[in-house]
Amino acid sequence: MRAWATFRRNHGIPCTNPVTAVAHCSAMWNSLAFRLWRAAYLRAVSSAFATVPLYRETWALHGRTDPVLVPGKTGSNGGALPADGVHRRLVDTAPLAGGSTEPDPARGLAGLLTRATHRPSHRLVVIVDSDVTRPPTGLPRGSRGCVLHPDAATAAGDEPVIREVVDTLRRGERVLTVGEGKDLDALTAALPAQLPPPDRVPHHRIDRPGTGPFGLLHDPLLGYLGVLRECGRLHVDHWHVYVRETAGGLAFTVLDRTSPRLVDVLIGGGVPGEVHACPKHGSPVIET
Amino acid sequence: MTAASARTAVAAARICDPRVDPAPVGWSEFIGTARPHAVWDPDLLRIEGWLARNPPLLVTVHDADGIVAALSALVCRPTRTPRYAPRRPRRGPMWVEVSQPWLSGLPGIVWRPEIQGHRLHAAVRAAERALARHLGPGLVGVFYRGVGPELLPELDGHGRIHRRTDSSAVLDNTFADVDEWLASLSKSRRAGLRRQHRRAESDRTLLIRGGPGRTDIDAAAVADLLNDHRARFAAQAGDTRSPVAAPYVEAFVRRSDVHTLTYHDTDGRLLALNILLDHRDVVVKQHWAALPREDEGRQGLYFDAYVRAVRWCIAHRRPRISSGRGKLDVKTSMGFAPQDVHGVIAPRPVMGR
Numbered sequence: 001m002r003a004w005a006t007f008r009r010n011h012g013i014p015c016t017n018p019v020t021a022v023a024h025c026s027a028m029w030n031s032l033a034f035r036l037w038r039a040a041y042l043r044a045v046s047s048a049f050a051t052v053p054l055y056r057e058t059w060a061l062h063g064r065t066d067p068v069l070v071p072g073k074t075g076s077n078g079g080a081l082p083a084d085g086v087h088r089r090l091v092d093t094a095p096l097a098g099g100s101t102e103p104d105p106a107r108g109l110a111g112l113l114t115r116a117t118h119r120p121s122h123r124l125v126v127i128v129d130s131d132v133t134r135p136p137t138g139l140p141r142g143s144r145g146c147v148l149h150p151d152a153a154t155a156a157g158d159e160p161v162i163r164e165v166v167d168t169l170r171r172g173e174r175v176l177t178v179g180e181g182k183d184l185d186a187l188t189a190a191l192p193a194q195l196p197p198p199d200r201v202p203h204h205r206i207d208r209p210g211t212g213p214f215g216l217l218h219d220p221l222l223g224y225l226g227v228l229r230e231c232g233r234l235h236v237d238h239w240h241v242y243v244r245e246t247a248g249g250l251a252f253t254v255l256d257r258t259s260p261r262l263v264d265v266l267i268g269g270g271v272p273g274e275v276h277a278c279p280k281h282g283s284p285v286i287e288t
Numbered sequence: 001m002t003a004a005s006a007r008t009a010v011a012a013a014r015i016c017d018p019r020v021d022p023a024p025v026g027w028s029e030f031i032g033t034a035r036p037h038a039v040w041d042p043d044l045l046r047i048e049g050w051l052a053r054n055p056p057l058l059v060t061v062h063d064a065d066g067i068v069a070a071l072s073a074l075v076c077r078p079t080r081t082p083r084y085a086p087r088r089p090r091r092g093p094m095w096v097e098v099s100q101p102w103l104s105g106l107p108g109i110v111w112r113p114e115i116q117g118h119r120l121h122a123a124v125r126a127a128e129r130a131l132a133r134h135l136g137p138g139l140v141g142v143f144y145r146g147v148g149p150e151l152l153p154e155l156d157g158h159g160r161i162h163r164r165t166d167s168s169a170v171l172d173n174t175f176a177d178v179d180e181w182l183a184s185l186s187k188s189r190r191a192g193l194r195r196q197h198r199r200a201e202s203d204r205t206l207l208i209r210g211g212p213g214r215t216d217i218d219a220a221a222v223a224d225l226l227n228d229h230r231a232r233f234a235a236q237a238g239d240t241r242s243p244v245a246a247p248y249v250e251a252f253v254r255r256s257d258v259h260t261l262t263y264h265d266t267d268g269r270l271l272a273l274n275i276l277l278d279h280r281d282v283v284v285k286q287h288w289a290a291l292p293r294e295d296e297g298r299q300g301l302y303f304d305a306y307v308r309a310v311r312w313c314i315a316h317r318r319p320r321i322s323s324g325r326g327k328l329d330v331k332t333s334m335g336f337a338p339q340d341v342h343g344v345i346a347p348r349p350v351m352g353r
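Protein sequences appear in the order of chains A and B. Count the first sequence with the working numbering and you get residues 1 to 288, in order. Count the second sequence with the working numbering and you get residues 1 to 353, in order.
Don't take each hint at face value.
[As the list claims (entries may be wrong)] Okay, the calculated beta carbon distance ranges per label pair:
1) B:Asp239 x A:Lys280: 58 to 66 Å
2) A:Leu36 x B:Asp216: 43 to 51 Å
3) B:Pro82 x A:Pro213: 41 to 49 Å
4) B:Arg348 x A:Ala39: 38 to 46 Å
5) A:Thr188 x B:Asp216: 52 to 60 Å
6) B:Gly213 x A:Ala39: 41 to 49 Å
7) B:Asp43 x A:Pro213: 53 to 61 Å
8) B:Asp156 x A:Ser259: 45 to 53 Å
9) A:Ala193 x B:Pro82: 54 to 62 Å
[To be verified] Reference listing, derived: stretches of chain A covered by chain B, where coverage requires no fewer than 3 residues with Cβ under 8 Å from a Cβ of chain B:
10) 55-68
11) 90-100
[To be verified] Take a look, some chain B residues computed to stay more than 10 Å from chain A by CB distance:
12) Pro78
13) Val110
14) Pro319
Calculated from the structure, these hints are not laboratory results. Note that the Cβ used here is the ideal one computed from N, Cα and C, for glycine as well.
Could you put the whole structure together from the sequences, leaning on the hints where they help?
Written as structure tokens, this is what we have:
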């Protein structure tokens, strides 16, 4: 067996043993994928330092680490900023060239839905959250998104969104509700009992992690940051989000949105945690 | 060369990037004799440099006794990309503006009082040669802004271009009290100033606070007001100033030689502000910014600020007040005299000569 493994490695033959394959997957994450992930983060840091007033002021005058931008200045918490501080200074998160200063709490939902629900799409996606005021964008073709305030979730029949949910369920099409668990319970209870219940994916907060089996890591400022997968681990949306361990807690960066630029934000007041590769999937997971 | 001339000869110019370099050797002795305005503080230059598109370089010229002259050199480029300046200078065409962007109508050069004539001439040329070496072949020339008549002969020369620009307004303080100053003005202006001052004093919805080293100021509100005020006026071609940043204001107004006058309404909203830079020779009435009337700004505060500034300078026996360029007709009606200001361009081939 050992001879076969040596032969396979020497001749570049892929591994077929599932356990060893997962280990190699992790190794790959640690090399190429991690480097690409890290490179995307470094680009975001460089761009933020060169063009965004909030980060220029913070990192130039106080410093940061990983990377250090001004020799001798390391700042506090590695240069990460608390979310409430960033929220107060949203006007300074737009780059000098201009751009939006409004955060999008529904950002990133579309890309995580398939992994969160194990279904390719739903006809209607309803976010039940008081922080989300605009419907999600980028949903698959044929899906529509809407938002519902939790207080309106109990007003059965009067609320247009609930009427739409009822109509969609009556047509036998699938509805997905996303939000805090208690709000989703309230919405389900407000629907007629004869209808099948909508699918649901609860929000997890970094400082109040849920148990699963489904769940999305959400923050009112940064949007959707990760998904709870069948392995029971909280997977980072690594295509769009970078996570970094700092002295102040886990710091999140939205990679693909330039305005408002959100880099190294300590969400939930700064929650200590670790980032490592999932032994099953190989992609980055966080543990708090 | 005699021993005496060797001792007084200008030795070398050094370039300091205030963003990352410590203050030049001998700086504290230099400010003791040259007494530059507060904006020359290397700590302020550091903040300004990091938050500017054209960060200033501090060029110092030394002789055996220490620093003889210092220049604030802004590295400017023809393309204005919406980015802060990089840490290391990029290649490509650039020019240097020797100016102090926070001091309207004053030059970007300070020097020891005893350095005059050919020694100042040699010091400036040494600084030009150092800039050319530091910035490389992309440097096309040096532009000196805010040059007064006393400095012009040392900067001008063969192959150099100089033009008169907008005059700055200067008031020689020869008054015993503010009434004497008011008495020197026209009847209508005198009555107007008294009326505006009385109105501001008696307005119970107006909170007027002023003084040096203010720690009670919301720097972000001040920076916003200054930038909004500046944005209301058409940008002049060649204006290389960067927006005012809150961290700079925060550090600036805490200094003991910076007097800040603020006008707030009863809701705590900043309506107007004026910043005065104290100096033993020339007090600079630096920033004025106010909300427009359509945004519930108050009328007449501009004149009230002048009354308070002149009153303070008379009380503290400051010999001159400079209120910079612009609105010259209004300033002359308040007793300020126009002073010639020149711009001098030294193209690359004649730099250092």
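Comparing the hints with the structure gives:
| no. | hint | verdict |
| --- | --- | --- |
| 1 | B:Asp239 x A:Lys280: 58 to 66 Å | 59 Å, holds |
| 2 | A:Leu36 x B:Asp216: 43 to 51 Å | 49 Å, holds |
| 3 | B:Pro82 x A:Pro213: 41 to 49 Å | 46 Å, holds |
| 4 | B:Arg348 x A:Ala39: 38 to 46 Å | 40 Å, holds |
| 5 | A:Thr188 x B:Asp216: 52 to 60 Å | 53 Å, holds |
| 6 | B:Gly213 x A:Ala39: 41 to 49 Å | 47 Å, holds |
| 7 | B:Asp43 x A:Pro213: 53 to 61 Å | 56 Å, holds |
| 8 | B:Asp156 x A:Ser259: 45 to 53 Å | 47 Å, holds |
| 9 | A:Ala193 x B:Pro82: 54 to 62 Å | 57 Å, holds |
| 10 | 55-68 | holds (count 4) |
| 11 | 90-100 | holds (count 4) |
| 12 | Pro78 | 18 Å, holds |
| 13 | Val110 | 25 Å, holds |
| 14 | Pro319 | 36 Å, holds |
Of the hints listed earlier, there is not a single one the structure fails to meet.
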